[in-house]
Amino acid sequence: MAGVLKPRWGQPLTGIISNVAFLLIALLTWYIFSDPRGPVGWFPYPFVMFLAIMILVALWQHMFLGDWPFQDMKQPARGITETIVNVVLTWFVIDVVFYRILGIGFNFLSWYGLEAVGQKGFLAQAAIVGFVLMGFYLYPVVTIFFGKWPIRPSDLKQPAAGFAEIGWASMFELFGYVILVVPFMGLALKGSPSLSLPWWAAIGGTPHLHWVFGWWEWAIIILFMFPNVWRMKPFGLLKIAQPAKGFIYMGLSFVGAYILALICINIIPMWMPPDLYAEIMAAKGASEWNRFLWLHSAEIAGFTLIPFLAWHHYFDDRCGVKDVDSWVAFWVRTIGVLFFTVILYWIYYYGNFGHWALGNHHMSPDNLGHRFYHGESLVWNFWWIVPLLWNEWFFHKWPFYEHAEHAH
Numbered sequence: 001m002a003g004v005l006k007p008r009w010g011q012p013l014t015g016i017i018s019n020v021a022f023l024l025i026a027l028l029t030w031y032i033f034s035d036p037r038g039p040v041g042w043f044p045y046p047f048v049m050f051l052a053i054m055i056l057v058a059l060w061q062h063m064f065l066g067d068w069p070f071q072d073m074k075q076p077a078r079g080i081t082e083t084i085v086n087v088v089l090t091w092f093v094i095d096v097v098f099y100r101i102l103g104i105g106f107n108f109l110s111w112y113g114l115e116a117v118g119q120k121g122f123l124a125q126a127a128i129v130g131f132v133l134m135g136f137y138l139y140p141v142v143t144i145f146f147g148k149w150p151i152r153p154s155d156l157k158q159p160a161a162g163f164a165e166i167g168w169a170s171m172f173e174l175f176g177y178v179i180l181v182v183p184f185m186g187l188a189l190k191g192s193p194s195l196s197l198p199w200w201a202a203i204g205g206t207p208h209l210h211w212v213f214g215w216w217e218w219a220i221i222i223l224f225m226f227p228n229v230w231r232m233k234p235f236g237l238l239k240i241a242q243p244a245k246g247f248i249y250m251g252l253s254f255v256g257a258y259i260l261a262l263i264c265i266n267i268i269p270m271w272m273p274p275d276l277y278a279e280i281m282a283a284k285g286a287s288e289w290n291r292f293l294w295l296h297s298a299e300i301a302g303f304t305l306i307p308f309l310a311w312h313h314y315f316d317d318r319c320g321v322k323d324v325d326s327w328v329a330f331w332v333r334t335i336g337v338l339f340f341t342v343i344l345y346w347i348y349y350y351g352n353f354g355h356w357a358l359g360n361h362h363m364s365p366d367n368l369g370h371r372f373y374h375g376e377s378l379v380w381n382f383w384w385i386v387p388l389l390w391n392e393w394f395f396h397k398w399p400f401y402e403h404a405e406h407a408h
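Residue 408, in the working numbering, is where the sequence shown stops; the numbers in between run on with no holes.
I should point out that these hints are in silico values taken from the structure, not numbers from a laboratory.
C-beta: ideal position from N, C-alpha, C; glycine also.
The hints are all genuine.
Computed beta-carbon distance windows for the label pairs:
(1) 365 / 238: 47 to 57 angstroms
(2) 403 / 266: 41 to 51 angstroms
(3) 163 / 322: 40 to 50 angstroms
(4) 258 / 234: 15 to 25 angstroms
(5) 167 / 16: 39 to 49 angstroms
(6) 74 / 25: 16 to 26 angstroms
As a list, the in silico DSS-like pairs of lysine-lysine whose alpha-carbon atoms are at most 30 angstroms apart:
(7) 233 / 245
(8) 233 / 6
(9) 74 / 157
(10) 157 / 6
(11) 239 / 157
(12) 74 / 6
(13) 148 / 233
Model the full assembly from the supplied sequences, consistent with the hints where possible.
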């Protein structure tokens with residue numbers, strides 16, 4: 001086994017260098033594949049669908065399968081190989097598993113099937129993104145909150161252990177997708193008799209899937225904050241066995257997420273330009289205003305991704321407190337993440353990063369309201385974390401970290 005990883009240039013220099021590198025990689029690949037001014041211009045679709053499936057497949061590769069069968073390869077060969085496999089599997093999952101297999105029975109999961117019956121193929125891409133939205137929580141939850149129960153502890157080897165865990169998590173995914181995504185497809189397909197309509201229309205003030213996005217994204221953030229800047233606090237306070245512990249924390253995370261979303265939708269109007277509200281209400285009414293608020297809640301949650309992932313993985317949770325596992329350190333990092341979230345939000349919207357850096361022409365310099373309404377910041381925030389996650393998961397932090405026995 002390799003030794004403990006150490007920052008190659010110490011801290012905070014290693015954290016700064018690595019995150020600058022991830023930002024430059026993200027900007028370059030964004031320009032190539034997504035920026036409307038670039039050669040491909042997939043913004044936001046179908047790019048967001050590919051991006052979403054890439055992250056979900058990477059999660060299966062690393063979190064469940066333990067990088068099998070490449071775990072013994074040397075770096076950077078292992079990272080390069082896993083990245084290539086990830087891209088190929090992403091194409092396979094989209095074009096074969098969804099479009100051509102699951103799409104046989106569920107037409108809204110097939111671009112080709114929808115196009116053949118005169119519907120917009122875009123709806124299949126949205127349905128697949130909805131699957132991944134559920135999956136960003138319901139797959140890793142079996143590792144984080146359930147501690148890999150019931151697969152571990154056992155002597156089950158890879159890949160059997162990984163496939164068993166994927167199957168166990170897919171049961172959660174099935175329930176989440178049917179309850180929280182499929183009804184929206186019934187609305188999008190104009191009341192298909194085989195699909196129910198959104199049951200949450202009266203609760204959220206809009207039948208749109210963005211009501212789900214608005215609080216589910218916060219559930220994802222809470223889930224991943226546990227192993228990251230919270231270092232699993234206060235998970236250890238509940239002294240009960242699995243699976244009861246996992247289900248209790250799932251429930252608590254949903255309640256916490258919904259409370260955070262409600263806070264967001266009530267404070268967002270405080271800084272929205274008044275003309276945006278008037279414009280939306282005059283053109284589309286209260287349902288569209290509520291849809292925007294719930295989506296923007298999810299976008300605010302998205303701005304926490306880089307601060308908490310970078311802080312944990314590339315700044316080693318350091319926060320000026322000697323004991324990084326103390327409650328003082330817990331609160332310093334939590335408040336710090338919120339502080340950097342505000343900074344990144346300001347840069348994206350008020351600094352108009354989404355327009356001049358990412359090419360979103362809807363975010364015109366002279367109309368602040370349109371910036372917020374068409375921001376699409378979630379797409380960028382998830383893309384920004386891809387280089388960081390790939391480096392941590394596939395490349396084992398190479399070349400920014402080195403093993404202790406090789407340290408200078």
